[in-house]
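**Student:** Next come the chains, spelled out residue by residue.
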Amino acid sequence: MDRNAGRAEVHTQADAGQDSPLLEMAGVTKHFESGKRSVTALQDITAQVQKGVVTGLIGPDGAGKTTLMRLIAGLLLPDSGTLKVLGLNVIRDPLQVQAAIGYMPQHFGLYEDLTVQENLDLYADLQGVPRSDRPARYEGLMQMTGLGPFTARLAGRLSGGMKQKLGLACTLIKPPAFLLLDEPTVGVDPVSRRELWQIVYQLVEEQGMSVLLSTAYLDEAERCQQVVLLHQGVVLGQDAPSVFSNPLQNQAFLLSSKRWGRRQIRKQLHGKPGVLDATISGDRVRLVTDSPMEPEKVTDFLGPDAELTVTPVSPRFEDAFIALIKDHTDTETEAPPKQESPSGVSAKSKDGDVIVVEDVDRRFGDFMAVKGIHFRVRHGEIFGLLGANGAGKSTTFRMLCGLLPPSGGRLTVAGEDLRAAPARARARIGYMAQKFSLYSGLNVLQNLRFFSSAYGLRGPQRKDRIDWALTSFGLEPMADMPSGNLPLGFKKRLALAAALMHEPDILFLDEPTSGVDPVARREFWQRITQLADARVTILVTTHFMEEAEYCDRLVIMAQGEILGGGTPAQIKDRYRSDERPDPSLEDAFIAMITSDSEEAA
Amino acid sequence: MKGPRHSDSPSQKRLMRLGGLIRKEAHQIVRDPSSIAIAFVLPVILLLLFGYGVSLDAEHVPIAIVVEQPGRETAGFVAGFQHSPYFAPEIMHTIQRAEQALMHREVDGIVWLRSNFAQELLGPGPATIGLIVNGVNANQARIIEGYVKGVWSRWLKHTALDQGMTPGPTVAVEQRIWFNAEMRSRNFLVPGLIAIIMTLIGALLTAMVVAREWERGTMEALMVTPVRIQEILLGKIIPYFILGMGGMAVSVAMAVWVFEVPFRGSYGVLFVTAALFLLTALAMGLLISVVAKNQFVAGQIAIIATFLPAFILSGFLFDIGSMPKAVQMVTYIIAARYFVNILQSLFLAGTVWTVVIYNALALGIMCLFFLFLVRKRMKKRLE
Amino acid sequence: MLRRILALMVKEFISIVVDPKSRIVLIAPPIIQLMVFGYAATFDLERVPYAVYNEDRGRASRDLLALLEGSPTFQLAARVHSDREIRPLLDAKRVMAVVHVGPRFSERLLRGEPAPLQVIVDGRNSNSAMIVLNYIRSIVNQYQSPAGETAPAGLRVRFWFNQNLESRWFIVPGLVALLTLVVSLLLTALSVAREREAGTFDQMLATPLRPGEILVGKALPGFIIGMAEATFIVLMAVYWFDVPFRGVIAPLYVGLMMFLVSAVGAGLMISALSVTQQQALLGAFLFLVPAIILSGFATPIANMPPAVQYLTFLNPLRYFLIIVRSVFLEAASFEVLWNLYWPMALIGLVTLGAAGWLFRRRMY
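In the order they appear, the protein sequences are chains A, B and C. Residue numbering for the first sequence follows this note's numbering, beginning at 1 and increasing consecutively. Residue numbering for the second sequence follows this note's numbering, beginning at 602 and increasing consecutively. Residue numbering for the third sequence follows this note's numbering, beginning at 985 and increasing consecutively.
None of these hints come from the bench; they were simulated from the model. Here a beta-carbon is modelled for each residue, glycine too, at the ideal position from N, C-alpha and C. Any given hint could turn out to be false.
Pairs of lysine-lysine, PhoX-like flavour, derived with a Cα cap of 25 Å [unchecked claim]:
| id | chain 1 | residue 1 | chain 2 | residue 2 |
| --- | --- | --- | --- | --- |
| 1 | B | K981 | A | K84 |
| 2 | A | K84 | B | K980 |
| 3 | A | K174 | A | K267 |
| 4 | B | K614 | B | K980 |
| 5 | A | K297 | A | K267 |
| 6 | B | K614 | B | K981 |
| 7 | B | K926 | A | K174 |
| 8 | B | K977 | B | K614 |
| 9 | A | K326 | A | K297 |
| 10 | A | K174 | B | K614 |
| 11 | A | K84 | A | K51 |
| 12 | B | K926 | C | K1077 |
| 13 | A | K326 | A | K371 |
Counterexamples of contact, computed for chain A against chain C with all Cβ distances above 12 Å [unchecked claim]:
| id | residue |
| --- | --- |
| 14 | H107 |
| 15 | A152 |
| 16 | L563 |
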């Protein structure tokens, strides 16, 4: 469903001047004590939410979204400031506020060992919905969420998307005037995400509900009518999303070159004065400049040799976000790591298939996590496994690293099964887990020392690599900080540094950028592409569609199966149509899933 | 669909919420075998383990009898040991051999009849019988000493009668052991164990389930509904109280049928005091979970703070009166102490009102205190 | 290889010291338990409350009762004057024993007739009841010993190794074994599970470290800390609780090493089997409780049913308890103890082997 209509409406409403806002926050500050340190989660938040619209609370992980949601729901007390919901003082009358709002916490707050019906009954009891009203109410909700056929199923056995809808249904049992959804789209596939948005707009338009929804996906901001942009506990701005991106008109372009590959273009552009952002998009490069520019002028960045083709495009919310946080945190992004082409380790390995996966199955009990997948990864390429949570990516990944035995099929890495392989074979791979999995009690230096020893480095070589890790990842200033206390972006850097201590020629990255802000994500990919340039083979899993654009080739997984694969451009081409002349990877993904389930039916 | 009819009064709504919570808990109990395991399987296993593993009744104590010169007199004495169920005697002929056996822990004691035993016995002076006991386990050593003395005094009587002598003017200790005439240690250990096991189980049940709600994020979802704290607490206590009483019934049944401990008191009093005790344990578990908020820490505290103190300080095995004064003070805050008292009396002595009332009162005070603390500490907020 | 193991150990030690949960397991509970157990866990009776019902007016009864009153073991709590008063006293546990002297007690003794002395004991705790009876008997014997020479044979009792039968000499050396087991088991049981939960175990398995190296790197810190803990408690036992240390160090420490190998092995096996720290904790609890009950720590193994006695052969604590107590009190030498060493070593080898095998097999 297209939501452009909704956006237009916002302006008129804003211009018309609303009656008093639904939610008013002024000067809200919140600290948390962790040990001896006090962490500021929210600093002087002042914002409003209007009646009858969908407001997005947007920000990367750790921005303070959940804390703010909990403050609004009366679950936390602010250190200072005022909060008013529906004219009620949240600090003084939390019970009255809670009776009037609906709140869906992260992970949906469901009892996974109760059935769908039992969950609904519980919340109906708690909300005091009279028994006579229930059948009609349940029916409406089942119709809206499509959960009707599953009422007897345990909530824990539902898919991520169905859980999310059940969580929503439970909060809607007694229709609230104001609905708070905390990260409802995390961990669900793109189809379910789309369906959730449809439901949300249905609620707003048909029932006059107001919705505040938090999300870390910046592309979702464009679906909201209003956006509160939160970063590191501070509100960066509040307005309609187009208001954020409009000033960047004539600053966004798609570039391609006859002579250079997309990675090289991006590398050349990166860090040039006047360039705000350069990312890979399909087989082209998306450039955002820091001031409006004629398309012809853009070619000047790389000189005439590049033979650039420039297409102006409309700016996105993410561009605005990057512009804002670059202004805001005037910390210069680290100078791109000058990684000298890693020692000729790779030279001896022949070009060809480094990773081979043939008909691999993995079952857990009666559940098939991976069903007969096969793919091959060539030497020196960035290969992506794309899919929602629970699609089987991580299971596949763990099998490849030799951490989990397959139930059937064959899989080899550099010609060997890592599970049975001698330690020597494992010395050639680097592994970075999804969760931060270094020793959080140890400081940065101690971690690096441990991993370099574990990889068998010693003497001057070990010292050199540790120095290299500290300087080129910018970790020197925090070398004796416990790694558990590092900011998320630095944790990721440290984890990557640890995985690279021994200059591996195959690198496994599991969701390497989940949770970090877009600037840190770009910086991370910068390093990864450099490694690929140095002929390191990289296998990466991700559920960020736009991140998959960086991959040379990728496969898309859902429910343990591979739906399709190829280069990003090939995949998009396959789903190009008249209605969608320029499909995104997400569009392609949704098309794949729907055609897949149609086949099954 | 909008605007629900306000047909229900506030108290009806309160009941509806409480009913919903209890029903939810019941479904969870049925689906998740772990709480049923804690309530029913754990007490059975622990009772079997302790009931059979913990015993202070020595039987067939290996003992060396050194007979340096066998004869009619020594045979009479040795026969006393051979017929006693308490001893497994082994006849030896040199004290060196016996001492060797004692050093190697093959025997726990040595009865030493020297070569001149018969002579001395028939002579004017008294004969000397040596008894050496391995004193490392002091309690066991005392028990062995008591057994040997029993055999010895019986033998004395017999020899005196055989020789037609009247026993001298002696004070004859006539012992009457009330409540537990056979002196079975199991009779007092098993009721005590019930109290200890139920402390652990009561606290574990609530500590784990409330912590689980925090961990899974469902507590957050509950908190934003109009439900009140008292209702959440009651919704936890009532189902686990019923479950815990079931576990208690199983334990009592095992004590009576499996371990054959006599029950002489009133079942009604047992029911009431058990209910009071279980409430205290559940409240303690709630308090732990409110403080800990995660299952791992809650489980750890529940084990450390309930099981060990109850085991050592409740008086079920070690006599409280003999502990140092400072340690005795600590025992007053151990709920199991009071219930051990009640149970041991109900099982062995009958319904002794002075014991029941005093201890039940103490339990009641502790229970209210814990509930008060829980109510105070648990807020409808996430901090 | 040595370097890698060393690196692992350094990491392990730092994590234990930095992690508050592990640090607390190491320090607070052992000290508290040592103090509480050391003082509270005793079968010795002191200040036993008793009542006297004396119907006799003679000298003999007065002398006998005076002896009883003078004993530190007994404390006179009440004098009663009728049969009816006895029951409530015993029922309510106000006294543990009632000594009843009949009306013609002194007179009968004077006439050379046997005089009965009735002792009524609360048998609810049969162990205490028996001890009380024994105490009263020995006081009675003491009373009549000057006259009692007429008996044809006297019993001369000596207690080896623990002359005065102090329970503390039995319990406190036992605590060396018990607390060392608790600490080293909890530490190692949580160590792998904690890494699994944090994901660092996967990270480590993806490095060239071999399972054998991981095993040694994980086992050694538990082993060393267990050694330190045991040494601390031995010192406390000798210098704080004044338990005599009669043996030599070597047999004790050889035993301690074998014991720690088996304890660390059991801990690592539990850890390798569990996915979360909670499971590891539960596993450790389910191992510890039977291990303590069926070890002979508080109640003798010989009193258990035969089937249960066979089970105790699997329990490393059983062997080490005997070693500690023998070295402390009996001055036992290698010659006496070697039979206790190898079962622990065997348990250690089996559990460590299983743990190493499980590291790579059990990964989900």
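**Student:** Are any of the numbered hints broken by this structure? If so, which, sorted upward?
**Tutor:** The structure breaks hints 3, 7, 13; every other hint is satisfied.
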